[in-house]
Amino acid sequence: MALIITDECINCDVCEPECPNGAITMGEEIYEIDPGKCTECVGHFDEPQCVVVCPVECIPKDPAHPDTQKQLLGKFFKLHPDKTPYLPKVSD
1 MALIITDECI NCDVCEPECP NGAITMGEEI YEIDPGKCTE CVGHFDEPQC VVVCPVECIP
61 KDPAHPDTQK QLLGKFFKLH PDKTPYLPKV SD
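Mapping to this note's numbering: the sequence shown position 56 is 56, numbers consecutive.
The set of hints was computed from the structure by calculation and includes no laboratory data.
Treat the numbers as computed from the prediction; the structure is a model and nothing was measured.
A hint or two may mislead.
[What the hints assert, rightly or not] Derived DEER-like restraints, expressed as beta-carbon distance ranges:
| hint | residue 1 | residue 2 | range |
| --- | --- | --- | --- |
| 1 | 83 | 35 | 13 to 23 Å |
| 2 | 87 | 11 | 32 to 42 Å |
| 3 | 47 | 74 | 15 to 25 Å |
| 4 | 17 | 60 | 13 to 23 Å |
| 5 | 6 | 81 | 28 to 38 Å |
| 6 | 7 | 82 | 29 to 39 Å |
| 7 | 81 | 10 | 14 to 24 Å |
| 8 | 87 | 18 | 28 to 38 Å |
| 9 | 10 | 82 | 30 to 40 Å |
| 10 | 32 | 71 | 30 to 40 Å |
| 11 | 45 | 11 | 19 to 29 Å |
| 12 | 84 | 28 | 32 to 42 Å |
Backbone N, C-alpha and C define an ideal beta-carbon position, used for all residues, glycine too.
Full structure from sequences and hints, please.
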């Protein structure tokens, strides 16, 4: 799933620079996530960096955009065609 920023956002400005896809921008009142660019950091990190840095925990998964891991990785390749994705290690 793509992520969404809820109205609990306090506009602290910490999430936007952490997004490796440029999916987070300032909306009319709070930050917004473009679901077409949000990969939940698949291809970049083990977990979504905006979620990691958000001090008020206002960035849940967006049920309106139920992307699979394969779809998220597909978005990564579309956004970064020349980049090798980071793939987390799978334990045995």
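Evaluation of the provided hints:
1. 83 x 35: 13 to 23 Å: holds, 20 Å
2. 87 x 11: 32 to 42 Å: holds, 33 Å
3. 47 x 74: 15 to 25 Å: This hint holds: roughly 19 Å between Cβ atoms.
4. 17 x 60: 13 to 23 Å: With Cβ atoms ~21 Å apart, the hint holds.
5. 6 x 81: 28 to 38 Å: Between residue 6 and residue 81, where Cβ atoms are some 32 Å apart, the hint holds.
6. 7 x 82: 29 to 39 Å: Distance hint for residue 7, residue 82 holds at roughly 37 Å.
7. 81 x 10: 14 to 24 Å: violated, 35 Å
8. 87 x 18: 28 to 38 Å: For residue 18 against residue 87, whose Cβ atoms are near 20 Å apart, the range 28 to 38 Å is violated.
9. 10 x 82: 30 to 40 Å: With Cβ atoms ~36 Å apart, the hint holds.
10. 32 x 71: 30 to 40 Å: violated, 20 Å
11. 45 x 11: 19 to 29 Å: Since the Cβ atoms of residue 45 and residue 11 sit about 23 Å apart, the hinted range of 19 to 29 Å holds.
12. 84 x 28: 32 to 42 Å: holds, 37 Å
Checked against the numbered hints given earlier, the structure breaks hints 7, 8 and 10 and satisfies all the rest.
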